[in-house]
Every structure is written in structure tokens, then in C-alpha cells.
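Chemist: Listed below, chain by chain, are the residues.
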Amino acid sequence: RKEVEQDPGPFNVPEGATVAFNCTYSNSASQSFFWYRQDCRKEPKLLMSVYSSGNEDGRFTAQLNRASQYISLLIRDSKLSDSATYLCVVTIGGKLIFGQGTELSVKP
Amino acid sequence: GAVVSQHPSWVICKSGTSVKIECRSLDFQATTMFWYRQFPKQSLMLMATSNEGSKATYEQGVEKDKFLINHASLTLSTLTVTSAHPEDSSFYICSAKTWGLRAYEQYFGPGTRLTVT
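Chains as they are written, first to last, in my numbering: chain W, 1 to 108; chain G, 109 to 225.
In case anyone wonders, no lab produced these hints; they're calculated from the structure. Please note: incorrect hints may appear among the correct ones.
Said to hold, decoys possible - With the C-beta cut set under 8 Å, the calculated list includes, among others, these residues of chain G facing chain W:
hint, residue
1, Cys-121
2, Thr-125
3, Lys-128
4, Pro-148
5, Gln-150
6, Leu-152
7, Leu-154
To be verified - In silico DSSO-like cross-links for lysine-lysine, where the CA-CA straight-line distance does not exceed 27 Å:
hint, chain 1, residue 1, chain 2, residue 2
8, G, Lys-149, W, Lys-45
9, G, Lys-128, W, Lys-42
10, G, Lys-149, W, Lys-95
11, W, Lys-107, G, Lys-128
As the list claims (entries may be wrong) - Just so you have them, the derived chain G footprint on chain W, three or more residues with Cβ under 8 Å:
hint, region
12, 19–29
13, 45–54
Even glycine gets a Cβ: it sits at the ideal position worked out from N, Cα and C.
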């Protein structure tokens with residue numbers, strides 16, 4: 001079983017749509033939680049941290065449920081520039097553990 | 109912000125040859141560097157962690173004799189893929205962080221795309 005699992009997509013949505021990504025992790029010792037964004041053939045970039053209380057950064061809202069080991073990312077009012085692969089990431093023992101990513105394609 | 113560079117950005121080599129990839133921290137001291145590999149449509153997989161002046165710690169399943177890592181200075185780590193084969197074709201990404209920072213506070217290089225023919 002993968003340590004971090006995501007629906008690979010792709011998610012094809014029109015501009016302005018709201019889209020939600022889900023992620024589950026298997027190791028209860030996971031310490032910190034993040035969403036990264038990766039553009040094609042580029043390095044991953046930190047999008048936002050995820051907390052149990054939920055956190056928002058503009059159009060992006062992230063949520064963590066430790067009991068069910070579930071992480072989510074909601075993108076409101078999608079822009080063309082949001083097209084990318086979104087990686088769910090946890091830390092275990094000082095290491096970053098990446099999910100395979102969910103591909104998002106926002107169309108005009 | 110902290111900048112990490114990688115060289116080359118892409119390389120094509122013949123099967124059986126060795127390829128060296130450099131990872132440099134340009135404006136900070138990288139006490140720890142990480143090497144990842146990413147196959148198409150798959151997650152980044154940590155290959156090894158190296159601390160400056162020490163031997164690298166390899167993840168389970170990664171052959172240390174095939175993937176040679178050297179972290180001889182606080183600004184440079186190298187990954188050498190020895191006797192490369194087509195199945196080693198992948199996107200190799202390094203990241204670096206300085207002592208005391210947390211795991212997520214690592215800065216990624218732009219990656220090196222290796223194609224072995």
C-alpha cells in the first residue's frame with residue numbers, strides 16, 4: 001500500500017469551477033502535511049501547509065482530518081494558471097513523502 | 109529566497125556509461141541534501157539523504173553502488189549514475205536545506221531529465 005494516495009485524475013474543469021482533491025495517508029506517525037504544485041517537467045513548489053483547523057490562502061482551502069488520515073484541497077474560481085499537478089505530501093521522520101499527484105487541467 | 113541549481117538540466121547517454129549530476133545551493137549552506145527520482149505520472153521518490161562530510165543514507169531498494177552520492181562541501185552534492193541503463197531514464201531532482209530547519213523547509217533544484225538510450 002502506498003504511503004500517500006491520491007486520485008491521479010486528470011480533472012478537466014472550466015474556468016471558474018470549484019474543484020476538490022482528496023488524499024489519504026497510511027502512516028499515523030505522519031507529522032506535517034502539505035500540498036505542493038508541480039508544473040510539467042519542473043520541480044515541486046510548496047503551495048500551502050495543512051492544519052487540522054483548516055486553513056485558507058486566497059482561493060485555496062486545505063483541510064486535515066487526523067482521525068481518518070485524510071487531507072483535502074479545494075480550489076475555488078479556477079484559473080487557467082491553476083493547471084498543474086497537485087501533490088499531497090506528508091513528513092515522516094524528517095523526510096517528505098509524496099503522493100503521485102492529481103493532474104488538473106483548467107479549460108477556457 | 110534560497111536557490112538551488114542543478115546541472116545539467118537534461119542529458120542523453122548511451123547504455124553502460126556513467127552520468128554525473130550536480131546540485132548546488134547558491135546562497136546558503138546546505139548541510140543536508142536530498143536526491144529524488146520521478147518516473148512519468150508517478151510520485152517523487154526519495155533515493156537518499158546526504159549530510160555534508162558524511163556518507164549518504166540510501167532508501168530501501170536504492171542501490172548505493174549504482175547511485176553514487178558525494179556531498180563534499182556545503183554547497184555541492186553530486187549524484188553519479190553508474191553503468192546507466194534505459195530503466196534509469198527518469199527525472200532526478202535534488203533539494204537542500206540547512207541545519208536546524210524542518211523537513212519541509214527544503215529547497216528544490218529544477219531537476220535533471222536523464223534519458224539512457
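Chemist: Run every hint past the structure and note whether it holds.
Modeler: Results for each hint:
Interface restraint check for G:Cys-121: the shortest CB-CB distance to chain W comes to about 19 Å, outside 8 Å, so the restraint is violated. The interface hint given for G:Thr-125 is violated, since its Cβ lies 23 Å from the closest Cβ of chain W, which is over the 8 Å cut-off. Against a cut-off of 8 Å between C-beta atoms, the interface hint on G:Lys-128 is violated, since the closest Cβ of chain W lies about 19 Å away. Using the Cβ-Cβ criterion of 8 Å, the hint placing G:Pro-148 at the interface with chain W is not satisfied: the shortest such distance is roughly 10 Å.
Of the supplied interface hints, the one on G:Gln-150 holds, with its beta-carbon coming within about 5 Å of a beta-carbon of chain W, less than 8 Å. Annotation: interface hint on G:Leu-152 holds; nearest CB of chain W at approximately 4 Å, less than 8 Å. The restraint placing G:Leu-154 at the interface with chain W holds, with a minimum CB-CB distance near 6 Å, inside the 8 Å limit. With a C-alpha separation of about 17 Å, the suggested pairing of G:Lys-149 with W:Lys-45 holds against the 27 Å cut-off.
At roughly 20 Å between alpha-carbon atoms, G:Lys-128 and W:Lys-42 fall within 27 Å of each other, so this suggested pair holds. The suggested pairing of G:Lys-149 with W:Lys-95 holds, with an alpha-carbon distance near 21 Å, which does not exceed 27 Å. For a cut-off of 27 Å, the pair hint linking W:Lys-107 to G:Lys-128 is broken: about 40 Å separates their Cα positions. Counting residues of the region 19–29 of chain W whose C-beta lies closer than 8 Å to any C-beta of chain G gives 0; at least three are required, and the coverage claim is violated.
Coverage of the region 45–54 of chain W by chain G holds. Counting CB-CB distances below 8 Å, 3 residues qualify, and the rule asks for three or more.
Checked against the numbered hints given earlier, the structure breaks hints 1, 2, 3, 4, 11 and 12 and satisfies all the rest.
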